[in-house]
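Following the hints, complete the assembly by docking chains B and C onto the known chain A.
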Amino acid sequence: MRENMNDSIRRDPRRAWIARNRLHPEHLSVLAALGEIGGGGAASEWLGPNGVIRRNPHAIGFIGPKGVKRIDRSGTQQGGQAPGQGRQAAQDSRRAVTIEDPAFLVAVVPDMTGGRLSGHDRDLLGLARRLADADPARPGAVLAVIFGEHKDSTLGEAGIDRLLHLEDAAFTGFSPEARLAVLAAVEREFAPHHWLLPDSPLGGADLGRRLALSLDERPATGVWQIEADGEAPLGWRCTARGAAESLDIQRPLPRVALALAECAEPVDETRHSAEPLSLTIEPPRILSRIEDLGQVAVDPAGVALAEAEFILSGGNGVKDWDGFHHAATVLAATEGASRVAVDDGFMARDRQVGATGTWVTARVYMAVGISGAIQHLQGIQRCDKVVTINRDPGCDMIKRADLAVIGDAAEILAALVEQVEQQRAEQHGGVRRDAA
Amino acid sequence: MQPDSREIEVAVLVSVGRHPVTGRARRADQDARGVEVALTLPGARVRLLHAGPADDGSEEALRGYLGMGLDRLTRVEQPEGADVVPALAQRLAAAPPQLVIAGSRAERGEGSGLLPYALAEYLGWPLVNGLAEVEGIENGVATLLQALPRGQRRRLQVRLPAIITVDGAAPMARQSAFGPARRARLESCAEVAVMDKALGEWTLMPARKRPKRLKIIKAGSARDRFKAAAAKAEGGGGQLLTDVTPEQGAEAILKLLKEEGVLR
Amino acid sequence: MLDTLLPILIFTALALAVIGAWRRNRLWRQGRPSSVPILKGLAAMPRRYLVDLHHVVARDKVMSNTHVATAGGFVAAAVLMILVHGLGMGSSEVLGGVLGWVLLAASATMFVGSLFVAKRRRNPPARLSKGPWNRLWKSLMAFSLGVFLITLPTVGLLPEGFLEGSGGWILALGLAAVVAWGLGEMIVGMTWGGPMKHAFAGALHLAFHRRPERFSTKAGGEGRSTGLKALNLDDVDAPLGVEKPADFTWNQLLGFDACVQCGRCEAVCPAFAAGQPLNPKKLIQDMVVGMAGGSDAGYAGSPYPGKPVGEHQGSPQGPIVARQGQALVDAETLWSCTTCRACVEECPMMIEHVDAIVDMRRFLTLEHGNTPNKGAEVLGNLIATDNPGGFDPGSRLHWAADLDLPLMADVKQAEVLLWLGDGAFDMRNQRTLRALVKVLRAAEVDFAVLGNEERDSGDVARRLGDEATFQSLAKRNIATLAKYRFQRIVTCDPHSFHVLGNEYGELGGDYEVRHHSTFIAELYDTDRLTFSPWKGGSVTYHDPCYLGRYNGEYEAPRRVLRALGIQVAEMERSGSRSRCCGGGGGAPITDIPGKQRIPDMRMNDVKETGAELVAVGCPQCTAMFEGVVDASAEVRDIAEFVADALVDRPAAPVESRPRRPAVEEFCP
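Protein chains in written order, with the numbering used here: chain A, 1 to 436; chain B, 1001 to 1264; chain C, 2001 to 2668.
Calculated directly from the structure, the hints in this document are not laboratory data. Warning: the hint list may mix true and false statements.
[Unchecked claim] Derived lysine to aspartate or glutamate pairs resembling EDC-like cross-links, with alpha carbons at most 20 Å apart: (1) 1255/B <-> 245/A; (2) 151/A <-> 275/A; (3) 2595/C <-> 269/A; (4) 1258/B <-> 426/A; (5) 399/A <-> 1243/B; (6) 385/A <-> 1259/B; (7) 1258/B <-> 418/A; (8) 1258/B <-> 384/A; (9) 1209/B <-> 384/A; (10) 1209/B <-> 248/A; (11) 319/A <-> 1247/B; (12) 1258/B <-> 265/A; (13) 2438/C <-> 2426/C; (14) 2119/C <-> 2060/C; (15) 1212/B <-> 402/A; (16) 2061/C <-> 2572/C; (17) 2475/C <-> 2512/C; (18) 2607/C <-> 2591/C; (19) 1212/B <-> 248/A; (20) 2595/C <-> 344/A.
[Unchecked claim] Far from chain C, some chain B residues (derived; all Cβ distances over 12 Å): (21) 1122; (22) 1133; (23) 1196.
[What the hints assert, rightly or not] Selected chain B positions facing chain C (Cβ under 10 Å, derived; list incomplete): (24) 1021; (25) 1174; (26) 1175; (27) 1181.
Even glycine gets a Cβ: it sits at the ideal position worked out from N, Cα and C.
Bound-form chain A, shown alone (with noise of 0.2 Å):
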């Protein structure tokens, strides 16, 4: 479009043979006005008459989807300013690194909660790969011990060199010792140069610790900043979290590091060969003085609400709660109430949410006949999704939601609760017939 247009201009002798001057001092200015640098488009910055780097404002951006203009500085415009250049697609634009030869390890121990590699993990590997990197002349590699099945085909991309891979009956559930035995056996045979473990409760803050202990090392722990020193035996120093939270203590970084979310950028840019190893020697059986006796059916009622995942709360709009009640059943949601609905003495006192009653983490928060009185979402602020039931759409809570049904309440909940006993039937159907 531009270009045509610049072809309707009148030509102007003067610029044209200013432009064909490459001494002239307004040379770039005026090639800059006809926009024939940068191969069509106009030409948004030149080195100005006095030798200062000029902008042409109106030169950059596109117009967006409405006609409006658009200027983006991240450098990855698009928009269709210059449709001849072409888009470079959203493609993979990850580096390939293989470390052929490293000059140390960097072993990892990711919690693979659910067998996928947690953000905590991704943050761990990314601390791991400054470690490795910090010097090109001696590149290390990331060697990441996994215990069993994992489900995750990312492990390069999150940044590991080499993958120990340990599957095995004795490692499923809570296995300190199995596991430990292993990690004994990886110092034996590539003695690492660093280990680091996420500090997460229930994972790497457990095996870390007996690590270190075995290790006879004195471990970081709460680990949230890293930096090159020196002076420091390893060359690197850090900053851990202590006196629950309340302290940072700085200190060499040794070899044990204990580490937080968010300790480092997890990788984006390279992608690694997380190539397999496996050890030579196999480690020890060990004899479990601890026995997993599997995990406990919870009755979702009587989880805490704090702690609860899925969350059906009630309040002023419900008046069958024995519905109500039923429904909480169906769905396995542990139920809540807001404060009004305890004051009538529909429910306990200690199933209020809001600040002055529990502060609630679900994942889905459903509220039903819950207006939203401020203390009410300022309790609910940390759900993920809150959904609602309510007949009243001006109300705060269907702001907050997202999802927002309006409606009665007992015949939605009703509905819902069919719905989910049907689908139930189903499932059990097709096993049943799968069965026979």
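Below, chains B and C without anything else, positioned relative to chain A:
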């Protein structure tokens, strides 16, 4: 005197805590939960063990544990800045209880949470962390419930003697009452002190606020990035269904519940 | 024949009464010692009875007159009967006739009174106890009639020989039996138990009352004593509160015994009305049961809501509240109380219910460590952060960042110390505080605040029974206040007002404290404030318990509202009979469930007046009322009314009325 065979000797390790807002000395939250676990254990003979300097501030905090209904606490006197692991280990080895309960981490000092592990290593006892409940003890085997995220529980069995640690998932500590706390005895005893030299060499300072991680949205246009950044800020930008039948509404809800994977 | 029978009957009854009195005294003396001026108390008793007690009784005119007739007639008749029939003075030449005639008149008066008593028993209100109380009118009649009839021959209205002869004998025996019945109930029953016990115990209770300062004096002054009494925490062996009935002081036990079971307390108790398991009358009766030992099965009044009578028992040395299971009283009964003092205010026998409840709560908190629901958390916060919400004590003044409030630490002295209270952490109350600051500035009051040096006054801790935390907070507050010079403390929180003004004194802090409504009224009266006329809707006023009943300030808030041009549409229960908002005594924290909520009932009272606005003077009341769903009226603090109506005073009058310099106002 022959102790009742069904009686279980339980030692709870308690420390001087620190209130998160005011920094005042108090009974440490996790340790107090440990005392609670011990007190609710049938047949338990509970003794409290603390290692640290003897001063007024810590005495008031320690009496906080006694106010939960115990008549005495043994304080292994240690100077400020001492590594209390050897002293506690010797103390426990001298009169070994069947079960040691400790909080996961201290609220003062390094607070590394290493102490129970160090004791377990020293005594050669198994250790179970993150405990929610002691279900029972029979024939020298304790059945425990370990807390998993989202209120889930895992059942473990461990042969005694053992060390178990509790954190925020354990039941809340009962109220500390003024009368029993004032009457109970605080016994002091001495043990060799080993100074923690490493800790002295580190730099300790009040915790800085950690920088908030910026949400970096890489791909996409400015418009997309702006939308992504603004979407959270305005809190969902939820879907509003008016004038739908109950069935349609329920369907929409069901879809979301399935997407979030909360329906089992 | 009657001449011989009557003295025997009378003196036997008197002797039995003395034995009963001795036994009753032994029951009371199980209690802990309490030093009471015995003679002074006895001397003060008639006045306390005739003035203070009747001041309460007179709120019900019919009952008051009934009691005057019955009790007055009885006392006169009993004394005269001893003289006339017991000592035979009726036949003495000089006095005989006169005494006899007076006796006749007294017994006749008593009979008339007993008719009214009987009438009331025909359709008794629910608050009255039944059982033995239902027979009292018959006993009163028996006594009055019997005495009247036996006196007729004495004064010569009947011939001397009327009761001689065979027919006379039977009549005489019948009469003697009626008199014996009357004497049994009225004289023996007075000390052995039964309805008339209230007369004996009540009289002594008035004489040895634990709060002698609550009675009026001849010098004037209505007499008020509402502050809780401190526990001695320095003595390690001193008991912490009341565990068993014998742990009350002896005069407290005596006070419980004085109860007439009129149920006035029950009728005004907000917790009872809300269906929470508390009935002050039953509680006092349970203490009597505990003092004597036994079960509560004999109680014939309304039970604690939801708790059947007959399941609880106690003994003088047994626990009142069991750690597990049941004893004399359940803990939730004690935690239902809002400490609103409505029961104490209504009690014609001047019984101190709230003191007893707090005494028992003290034991539950300090010894059992069993403060229900959020109690433990709130007390923990008070210990760790000096405020019940657990907020950073350094953020107490954050709400006023833009107000530039003068700090006592900077100015060292000011005319008025503005006590902010814990409402400083509450966003709703911050609006009230802002309004109050605006008013003080408009009146050019020289004031300053403690800022972060202020702590919770200790009100909640004390009422939850945590005397240790209360005293710790109070002593530190007193030490802080001692650093500065000020003439008076002004606060918009009646709870702080009460604690600072009435309860710090015992711990060494004596201050002149004003509620903000009082202070604003003073400012208005001295022309330091000018208001624009009221244009809003109708307004009613809710008396906060801790301002009204605790401190007798009913008038100042109304004066302020009148000054604003507001006609207050009074609720049926206002002034000293105001119904509690449910927010006092830590009740919202202990949160004992009932059938309905106390603030809902109060907002219904508001609704009945048709008011669009309810004026309050307490952050607790504001919070409770604003928590009512679908309320008909908007809640606004007095300070907000005043701040909204402020107009700049014309310049001239200010100059014509020179203000005294602030320095002059300091007492040397």
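Here is what the structure says about each hint:
no.	hint	result
1	1255/B <-> 245/A	violated (40 Å)
2	151/A <-> 275/A	holds (16 Å)
3	2595/C <-> 269/A	violated (64 Å)
4	1258/B <-> 426/A	holds (15 Å)
5	399/A <-> 1243/B	holds (18 Å)
6	385/A <-> 1259/B	holds (11 Å)
7	1258/B <-> 418/A	holds (15 Å)
8	1258/B <-> 384/A	holds (14 Å)
9	1209/B <-> 384/A	violated (24 Å)
10	1209/B <-> 248/A	holds (10 Å)
11	319/A <-> 1247/B	holds (19 Å)
12	1258/B <-> 265/A	violated (32 Å)
13	2438/C <-> 2426/C	holds (18 Å)
14	2119/C <-> 2060/C	holds (15 Å)
15	1212/B <-> 402/A	violated (25 Å)
16	2061/C <-> 2572/C	holds (18 Å)
17	2475/C <-> 2512/C	holds (17 Å)
18	2607/C <-> 2591/C	violated (25 Å)
19	1212/B <-> 248/A	holds (17 Å)
20	2595/C <-> 344/A	holds (8 Å)
21	1122	holds (34 Å)
22	1133	holds (20 Å)
23	1196	holds (28 Å)
24	1021	holds (5 Å)
25	1174	holds (6 Å)
26	1175	holds (4 Å)
27	1181	holds (9 Å)
Hint check: violations occur at hints 1, 3, 9, 12, 15 and 18; the rest are consistent with the structure.
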